[in-house]
Amino acid sequence: MIRMLRRAKPRAVSFLYLLPSLAGVLTFFIVPFAQIIRYSLVDNPISNTYVGFDNFKRLFANAAFQRAASNTIRFSAIAMPLAVVLSLLLAMVLEAKIPGKSKFRTMFLSPMMVPVASIVLIWQVLFDYNGVLNNVFARFGVLPIDWFKSDYSHLIVVALFLWKNLGYNMILFMAALGNIPKALVEAASVDGASSFRRFWQIKFRFLSPTFLFVTILSLINSFKVFREVYLLTGDYPYEDLYLLQHFMNNTFKSLDYQKLSAAALIMAVVMALIIGILFIVDGRLGKDVES
Amino acid sequence: MAGITLKDVSKIYPGSTGEKAVDGFCLDIKDKEFVVIVGPSGCGKSSTMRMIAGLEEVSEGEIHIGDVLVNDVQPKDRNIAMVFQSYALYPHMSVYKNMAFALKIRHLNKAEIDRRVRETAEMLGITRLLARKPRALSGGESQRVALGRAMVRNPAVFLLDEPLSNLDAKLRADMRAEIIRLHKRLETTFIYVTHDQTEAMTMGDRIVIMDRGLILQNDSPKDIYDYPANIFVAGFIGSPRMNFVEAEVAREGGIVVAKFGVTALSLEKTNVNKDVLASLVGKKVTIGIRPEHISVADSVAVGEGLLGASADIVEVLGAETIIHTDMPGDLRIVVREFNDVPVKRGQKLNLAVQLEKIHIFDIETEDSITVRPGGTPKSARSKIAKPEPDSGGEPDASDNGGGES
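So the protein sequences, as listed, match chains A and B. Numbering follows the working numbering, with no gaps: position 198 of the first sequence is 198. Numbering follows the working numbering, with no gaps: position 346 of the second sequence is 346.
A hint or two may mislead.
[What the hints assert, rightly or not] Capping the alpha-carbon separation at 25 Å, the derived lysine-lysine pairs in DSS-like fashion look like this: (1) A:K224 / A:K203; (2) A:K182 / B:K20; (3) B:K30 / A:K203; (4) A:K287 / B:K133; (5) A:K182 / A:K164; (6) B:K222 / B:K259; (7) A:K287 / B:K97; (8) A:K203 / B:K97; (9) B:K7 / B:K20; (10) A:K182 / B:K284; (11) A:K182 / B:K133; (12) A:K287 / B:K104.
[Claimed, not checked] Pairwise CB distance ranges, derived in the manner of DEER restraints: (13) B:K184 / A:F196: 34 to 40 Å; (14) B:L171 / A:V85: 42 to 48 Å; (15) A:V85 / B:E112: 36 to 42 Å; (16) B:G125 / A:W163: 36 to 42 Å; (17) A:I274 / B:S41: 48 to 54 Å; (18) A:I73 / B:K104: 38 to 44 Å; (19) B:E112 / A:M107: 18 to 24 Å.
Hints were generated in silico from the structure; no laboratory data involved. Quantities reported herein were computed from a predicted structural model and do not represent experimental measurements. Beta carbons are placed, not taken as given, at the ideal position from N, Cα and C, and that holds for glycine.
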């Protein structure tokens, strides 16, 4: 065997080493993904009749999908930029010489340590119809609001998402801020740059790889917020909170694999497109500053 | 163009338990003067420069640029330019944009920016580099660009923070000369921080030597070399460093001598007040003799003292030979011999000492007792260090040899 390996070309040997992980990736990613593509193009997994883009047409005409997609886009469009910008701002505030810095840092990181089920419980205690907030409002004569079935529901989930994710993003930004060469920022201030210009023209260049990473992370996390919403409000929440994952979950339950596969493919393509654009932007901004 | 005045400036870093990184720093820098602040790592020289630049807050005291108190003035409003040790070129901008950055911020029109950048680039010989990014520059080229970025603004004061320490020895010597030429050409105040005594001796009109946050001496390079105010300065400037020997002052045959080991050297010719010399009899002092003031000799001439020693290590440098010698009493004396004297390891030597060049230091305060002709001795570890009225001007080339390493 060893003799055989020695005789084999190095390229073949390297493939041999890759085999275990390749098997894992093939089994859990590539094959299922290919299967999803196949499902999305056939009438059903048993008869396997090719129907072209019929499943996609059916999907786009589906009111539940439209609602779920628009809710998810709306949620990500609000939550993702907020998660990035607010965590960067927090990191910059904590970078400055302020008292109690480490306590603030721990405070913002603590939501990371709490399991999702407990987080959901806290927010239920706060926002339930009989929850703390309505109790406080009642003392001032304000009528109770069913928060999760109101127009505020979306904002509450955004707040929950931010509360959960800001700390980690902030730590990433703090590390990136700490890596910016101090002399460059000082040179810019001696050159006459205002603090805004110093941030935009010097610091931001160095932050751009982290900015990209945090943005992608926040985007993925914003798609994953379903977990919290599902635990808070169940299968069929208030229509403002009906997200793509609700749709997929429910479609899976009804065994409509074709529709589910088409939806999953659309989601994958959209995410790949967004991440691709982010990489192009980072390639331009981060050029020359990355060591 | 502006002079700078520092009045009792101190720097206490937060969390340093009140220890002063710079302690009561007083200095008047005249307009167009080239002042070098030199000292070992951690002596406070960079902190002082950073306070002048506005990059560090002044904990105590006042800094004036021209007539303006600048303690609370932002760096951008001080009209200073700084060259950093790491060059601090903006990596994502071309050389042209690096140089134009400060001018753009000042809203100069494009034609004026272009004129100034090209003029400066021409002066520094970096025109061909204008389109390049910093990562495509060598160390020497980066250094020139950093200088160019500072020059293009026509600042009132240039601050240079160890700008040559990242260059190799040859390039360092070239850039040293280049910076001296630039100073003459630009006629602007230069403050230069370094730990390299050769840079200090060759570049500055005036040298400020610092240790542990204090100014130990503030003088022209020649006076620093000839009349070091204390043991620290005497040992810091000059390479090989000054020989220090603990000696007892005694009177022998009517002559005041310094006795150490089995030797006695006359102190009568030193620049020490006769009364002071007489008062030293019976006391211990530290005497300092520069290696270049000792030579290998067969006989002693008038004005010379004789030491007997044996050669230990001989370093032949071509133009000179450094001889490390052992003397009775476990003393080691280094000799800098300019004549072509063949010396072998272990060889017995007669060393002739130029008696008038002997420095005497108080053994406790470490301050110099030697009197400076026509002036009072500089007080060691003084917090007050005003420039001498006549201390400006060119460093004397004949004495710079002492600073070469």
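* **Those earlier numbered hints the structure runs against, lowest number first** => 1, 3, 5, 6, 10, 16, 19
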